[in-house]
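Chain by chain, the residues:
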Amino acid sequence: MNKNKEQLLNKRYKAEKRFRLYGQSAIFMALLFLTIFIFKIFSTGYSAFQKTWLIVPVTFDAELMMLEQNPSKEDLKDADYYDIALKSMADLDPNANEDQENELKRMVSYFFEREIKRELLNDPSLIGKTKDVYLTASDDLDQVFKGNYPRDLPEDQRRVTDYQLKIFDQLVELGKVESKFNLSFFTYPDSREAELAGIASSFMGSIFSILVCLMIAFPVAVLAAIYLEEFAPKNRFTDFIEVNINNLAAVPSIVFGLLGLGILLAVFQLPRSTPLVGGITLSLMTLPTIIIACRASLKAVPPSIREAALAMGASKMQTTMHHTVPLSMPGTLSGTIIGLAQALGETAPLILIGMVAFVNTIPGSPLDPAASLPVQIYIWAESAERGFVEKVSACIMVLLGFLIIMNLFAQIIRHKFEKKWS
Amino acid sequence: MNLILFIFIVLLGFTSYYFGRRKAYTIQSTNKRLTALPQFYGYYLAIWCAIPAFIIFSLWAIFEPTIVKLLILSDYSNQGYLDDELNLIYEKTKALSRRQFTGEITPFIEASAEKYLSLRSIAQSSKAVIVLSIIIASVAYAYKKISSNSRTREPVEKFLKAVLFTASLAAILTTVGIVFSLIFQTIDFFKVIPLFDFVFGTHWYPAKAFVRDSSEALDPTMYSDTFGAVPIFAGTFFIAFIAMCVAIPIGLMSGIYLAEYASVKVRQYAKPLIEILAGIPTVVYGFFAALTVGPFLKEIGNSMGLDVSAESALAAGGVMGIMIIPFISSLSDDVITSVPQSLRDGSYAMGATKSETIKKVIFPAALPGIVGSILLGVSRAIGETMIVVMASGLAANLTLNPLESTSTITAQIVVILIGDQAFGDPKTQAAFALGMSLFLVTLCLNIVALRVVKKYREKYE
Numbered sequence: 001m002n003k004n005k006e007q008l009l010n011k012r013y014k015a016e017k018r019f020r021l022y023g024q025s026a027i028f029m030a031l032l033f034l035t036i037f038i039f040k041i042f043s044t045g046y047s048a049f050q051k052t053w054l055i056v057p058v059t060f061d062a063e064l065m066m067l068e069q070n071p072s073k074e075d076l077k078d079a080d081y082y083d084i085a086l087k088s089m090a091d092l093d094p095n096a097n098e099d100q101e102n103e104l105k106r107m108v109s110y111f112f113e114r115e116i117k118r119e120l121l122n123d124p125s126l127i128g129k130t131k132d133v134y135l136t137a138s139d140d141l142d143q144v145f146k147g148n149y150p151r152d153l154p155e156d157q158r159r160v161t162d163y164q165l166k167i168f169d170q171l172v173e174l175g176k177v178e179s180k181f182n183l184s185f186f187t188y189p190d191s192r193e194a195e196l197a198g199i200a201s202s203f204m205g206s207i208f209s210i211l212v213c214l215m216i217a218f219p220v221a222v223l224a225a226i227y228l229e230e231f232a233p234k235n236r237f238t239d240f241i242e243v244n245i246n247n248l249a250a251v252p253s254i255v256f257g258l259l260g261l262g263i264l265l266a267v268f269q270l271p272r273s274t275p276l277v278g279g280i281t282l283s284l285m286t287l288p289t290i291i292i293a294c295r296a297s298l299k300a301v302p303p304s305i306r307e308a309a310l311a312m313g314a315s316k317m318q319t320t321m322h323h324t325v326p327l328s329m330p331g332t333l334s335g336t337i338i339g340l341a342q343a344l345g346e347t348a349p350l351i352l353i354g355m356v357a358f359v360n361t362i363p364g365s366p367l368d369p370a371a372s373l374p375v376q377i378y379i380w381a382e383s384a385e386r387g388f389v390e391k392v393s394a395c396i397m398v399l400l401g402f403l404i405i406m407n408l409f410a411q412i413i414r415h416k417f418e419k420k421w422s
Numbered sequence: 001m002n003l004i005l006f007i008f009i010v011l012l013g014f015t016s017y018y019f020g021r022r023k024a025y026t027i028q029s030t031n032k033r034l035t036a037l038p039q040f041y042g043y044y045l046a047i048w049c050a051i052p053a054f055i056i057f058s059l060w061a062i063f064e065p066t067i068v069k070l071l072i073l074s075d076y077s078n079q080g081y082l083d084d085e086l087n088l089i090y091e092k093t094k095a096l097s098r099r100q101f102t103g104e105i106t107p108f109i110e111a112s113a114e115k116y117l118s119l120r121s122i123a124q125s126s127k128a129v130i131v132l133s134i135i136i137a138s139v140a141y142a143y144k145k146i147s148s149n150s151r152t153r154e155p156v157e158k159f160l161k162a163v164l165f166t167a168s169l170a171a172i173l174t175t176v177g178i179v180f181s182l183i184f185q186t187i188d189f190f191k192v193i194p195l196f197d198f199v200f201g202t203h204w205y206p207a208k209a210f211v212r213d214s215s216e217a218l219d220p221t222m223y224s225d226t227f228g229a230v231p232i233f234a235g236t237f238f239i240a241f242i243a244m245c246v247a248i249p250i251g252l253m254s255g256i257y258l259a260e261y262a263s264v265k266v267r268q269y270a271k272p273l274i275e276i277l278a279g280i281p282t283v284v285y286g287f288f289a290a291l292t293v294g295p296f297l298k299e300i301g302n303s304m305g306l307d308v309s310a311e312s313a314l315a316a317g318g319v320m321g322i323m324i325i326p327f328i329s330s331l332s333d334d335v336i337t338s339v340p341q342s343l344r345d346g347s348y349a350m351g352a353t354k355s356e357t358i359k360k361v362i363f364p365a366a367l368p369g370i371v372g373s374i375l376l377g378v379s380r381a382i383g384e385t386m387i388v389v390m391a392s393g394l395a396a397n398l399t400l401n402p403l404e405s406t407s408t409i410t411a412q413i414v415v416i417l418i419g420d421q422a423f424g425d426p427k428t429q430a431a432f433a434l435g436m437s438l439f440l441v442t443l444c445l446n447i448v449a450l451r452v453v454k455k456y457r458e459k460y461e
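In order, the protein sequence lines correspond to chains A and B.
Just so you know, our numbering puts 375 at position 375 of the first sequence, and the rest follows in order with no gaps.
Just so you know, our numbering puts 285 at position 285 of the second sequence, and the rest follows in order with no gaps.
Be aware that one or more of the hints could be misleading.
PhoX-like, lysine-lysine: derived pairs with alpha carbons at most 25 angstroms apart [said to hold, decoys possible]:
#1 K87(A) / K77(A)
#2 K455(B) / K299(A)
#3 K234(A) / K454(B)
What the hints contain is simulated information worked out from the structure, not anything from laboratory work.
Hey, can you work out the whole structure from these sequences and the hints?
What follows is the structure, given as structure tokens:
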């Protein structure tokens, strides 16, 4: 009998241990996912911050450039750089036939002409001389140099030919291939060529959308929250508004995209693909988040503050505007930043209002067509070229960096400025 | 022109604030008692200056184009033009007046363009005159009120309250906007496709319904058996089901562990770390699912001799589940923490172990809240877009095999609406009909979930 009891107890203790283990492994799993996730993004993305350059000797032959004696600055700008660019690539292998010269040309980006031009414009005295110029390597060679490209595939399955690889290896041996920080990733707009694609256009698109979103959502949400928390009578209509807000907070984001498409674009005829429409759509999504945060922090202001102000003869409006609202601002602001961070990561509604269009200019105002960072991730993730994989991860790193900064900022505001009432 | 007028009104508003306040000080200096603080005199004057002007200004901006159009087209009435032709004439007129017209210029249109320009300039100048006279009239009225030292605080506060109230209508307006944007397209869609075919049809090939020319007569037989949404609905719930299979056990167990077992220190670090998962944008999950999880599952499947699609429902659903873990874990954590300590103490006193207490006492007590959090998670899974678009297939297969690819409501909406759309095309309308069903389903889930959570909270407070 006694033994039976002990067995039972042991069994119960074992069950206890098992249950605990389940809990621990659940937490472990969740954290494991997070780690794998971050590791995967970083390990595929960090190489995009480096860019491979070929150092090619270029002879600035005045005759080939169609330049006269003592050319002016304007002449230099209008000169023909294509021929010397082509010639300097062809000179890498003096014995190259025509096909091979073509392959040589494709070892660098199609910007090579511009890069050579920039070199000469910086130093016009180079005419007639030969200088080593840094040329952006083609995307495929870039991947080869970074070790992301399987070289042992049969030739007809790769985009780099054996001949290109041979010349490239020679250049590597001569130390004529260099890897430097990829500044153009941050300053160039999107491009069909992976080696020239940058996030400048989508970054500006994101900034404009978020600004529009902030300018609409913040005032409306704060005013609405003040009304609902401080002035609204308790009646059916107020309840209805509240139900609406709570529901809007849980409506799938794509439905807001349909709203933007069906109302903003179709009825109000606002321009497609612009951060203006994107920002308005996002602001409708962010509205409930900010209202809820602002109401919570208004609620946290103790009634004694209001009563003190009222006792001093302030009107209800003065009490609210001079005392309650300023005291609630830290909570409201951190809620707003978190809402904006959500809006910054939103993709689906922006796709529906046409912000997926290929934009290769940097937008200068909210009325210019643009993409946004998450949409850029989507666009690049859908392209087949190998070079875009690391670009996507790098873009994700930039986006996550912004989200982390925004969330930290929200935390700091909350902890530094929020008064603790006890 | 509009911008100048706008800035002018704003500037006048600011100036009148200072005038109003100064007036209050002069009244004060005559030893009269003010009825409110001096700045209220300023606000009063500023509101009277700017608000009527703005109202007129915006009404004008809204109605001017319509009225101008009516005036221009009145020349063409009684000539038997159709509405479309009249619109075309108006567009031509406008283009010509901007010197952007490239087609053949008829004397009629040239005359209209001239009339258009003159009408516009009359409109502009009369707008400026009317707005300015409104400002003068209302400021004069308000200034007289101030001078006679009548009440200013009450009207100002009433106005502010009206502004606050208007802002709170934004939520209702958004909901109305959502319903409006969906309902008309949806109704048009069901005029062409019978509701029955949509709800019970099992073939979904919207690409078949591509309309080459919008003037082409809509032939309903052409669309029969193209818009059967059953595979889509099935795929949506199937992927959501897979997601919940991942999210419920992990989310719930980690919620329980954090609430009941974890030391303060573990909780302090583990909780925010898990919540990071909720802050990662969904497009990032989508990329992760498409680049890593999909191929990984395919490789595993191949090594076991299974035929796994690289865009399997399992990959999309699994990654979606990871995304939902933090929602379930933090919500159930909250619910469990709010179960009163007395229930635990009672159970421990009876000799129950911790896990027995959790399973037999706390879990049943917290069940409504947990169910609510799971329902919210399901609603999120159904509405999730980017993971499915990027990691799951785009062809709607009716299948229950998690290793094959399926499609969802959200993915189909994106597929149909990406790029240029023609409104009036049943394919575009189908996307709105799908959006409507998505909205209704998530709305029901949300209402039920919020009810359940709210009801439960009231019980213990």
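Against the structure, the hints come out as follows:
{"no.": "1", "hint": "K87(A) / K77(A)", "result": "holds (19 angstroms)"}
{"no.": "2", "hint": "K455(B) / K299(A)", "result": "holds (20 angstroms)"}
{"no.": "3", "hint": "K234(A) / K454(B)", "result": "holds (18 angstroms)"}
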